[in-house]
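Enquirer: Quick mapping for you: the protein sequence lines, in order, are chains R and U.
Reminder that position 109 of the first sequence reads as 109 in the numbering used here, one-by-one numbering, no gaps.
Reminder that position 8 of the second sequence reads as 8 in the numbering used here, one-by-one numbering, no gaps.
Certain hints may be false.
[Unchecked claim] Below, computed lysine-lysine pairings styled on PhoX-like, alpha-carbon distance capped at 25 angstroms:
(1) Lys27/R with Lys11/R
(2) Lys11/U with Lys30/U
(3) Lys34/U with Lys11/U
(4) Lys34/R with Lys2/U
(5) Lys2/R with Lys34/U
(6) Lys34/U with Lys2/U
[As the list claims (entries may be wrong)] From chain R, some residues computed to sit far from chain U (all C-beta separations above 12 angstroms):
(7) Gly3
(8) Asp8
(9) Ala12
(10) Lys27
(11) Ala116
If you're looking for bench data, these hints aren't it; they were derived computationally from the structure.
All C-beta atoms in this analysis are idealised placements derived from N, C-alpha and C, irrespective of residue type, glycine included.
Number of protein chains: 2
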Amino acid sequence: MKGKEQIDVYKANEDFYNAFESLDAQKMEKMWLKENYVQCFHPGWGLLRGWEAVMASWRRIFENTEEMHFILTEVQVEVRGSLAWVTLYENLTSREGNELSTGSVLATNIFERRDAEWFMIHHHGSTVMQPGQLSPSTFH
Amino acid sequence: MKGKEQIDVYKANEDFYNAFESLDAQKMEKMWLKENYVQCFHPGWGLLRGWEAVMASWRRIFENTEEMHFILTEVQVEVRGSLAWVTLYENLTSREGNELSTGSVLATNIFERRDAEWFMIHHHGSTVMQPGQLSPSTFH
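Go ahead and model the full structure; you've got the sequences and the hints to work with.
Expert: Below, the structure is given as structure tokens:
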């Protein structure tokens, strides 16, 4: 049972990963609410709070990444009023120079609605040892 | 600026860590909303969804832990209507047999209000390399 709200959040979440893959800081900025309470926890990093710190982290990641590709699995969307959270596995392939790396990251993404639009306010990603019930053919 | 709601959520979050330290599965059960949409992501584990899977994980952790002690730092509480999320560092010391381990875990905890009470519906913990701006004296 998916309502319009759930579909909108699902799309906002996809837009976030498209912005991530684009490695374009301006696209990423548009996904986030410009507030002091936004937070971002990249795998293995410490906590980052506030628009400035969060955006600085994306610029740093984008400057050090040449390619990034995600396959999202087990996506679940929950909506309560103007707040929503999405959980999923990010099955990613990235490249820095000649070094290609793959991995699975478990993510909690929180979105807040402003007018009719959903913005990210919290991203928590953490590396997991076991892949997200992936068969090899899930990668492409 | 802390309202009553924020204080209530702050206390619910402390109760969660008290239940964790108690290593008592019944106390932990009382912290969670008994719903299929509850989720729990332990550091390094895969995603767990639904009351049964989440509670089974706590029983397994409690059976394999003899002592657990938390110092919470950089706790931040956000409330929107009947939903709230708390972020923090769990600076923990635990013991399994003769093995003592310490570490820092970055956590995102989501709570939902039912009547006047706040229940946990989502816990995401991930190991961080750097400690949460801790000085040695913070431990006791």
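Enquirer: Each hint: holds or not?
Expert: Against the structure, the hints:
1. Lys27/R with Lys11/R: With Cα atoms ~15 angstroms apart, Lys27/R and Lys11/R stay inside 25 angstroms; holds.
2. Lys11/U with Lys30/U: The given pair, whose Cα atoms are some 14 angstroms apart, holds under the 25 angstroms limit.
3. Lys34/U with Lys11/U: Roughly 20 angstroms separates the two Cα atoms, so the pair holds.
4. Lys34/R with Lys2/U: holds (22 angstroms)
5. Lys2/R with Lys34/U: This hinted pair holds, its Cα atoms lying about 22 angstroms apart.
6. Lys34/U with Lys2/U: violated (28 angstroms)
7. Gly3: At roughly 15 angstroms from the nearest Cβ of chain U, Gly3/R sits farther out than 12 angstroms, so the non-interface label holds.
8. Asp8: The claim stands: Asp8/R keeps its Cβ more than 12 angstroms from every Cβ of chain U (closest is about 17 angstroms).
9. Ala12: holds (16 angstroms)
10. Lys27: holds (24 angstroms)
11. Ala116: holds (17 angstroms)
Hint 6 from the earlier list is the only one contradicted by this structure; the remaining hints agree with it.
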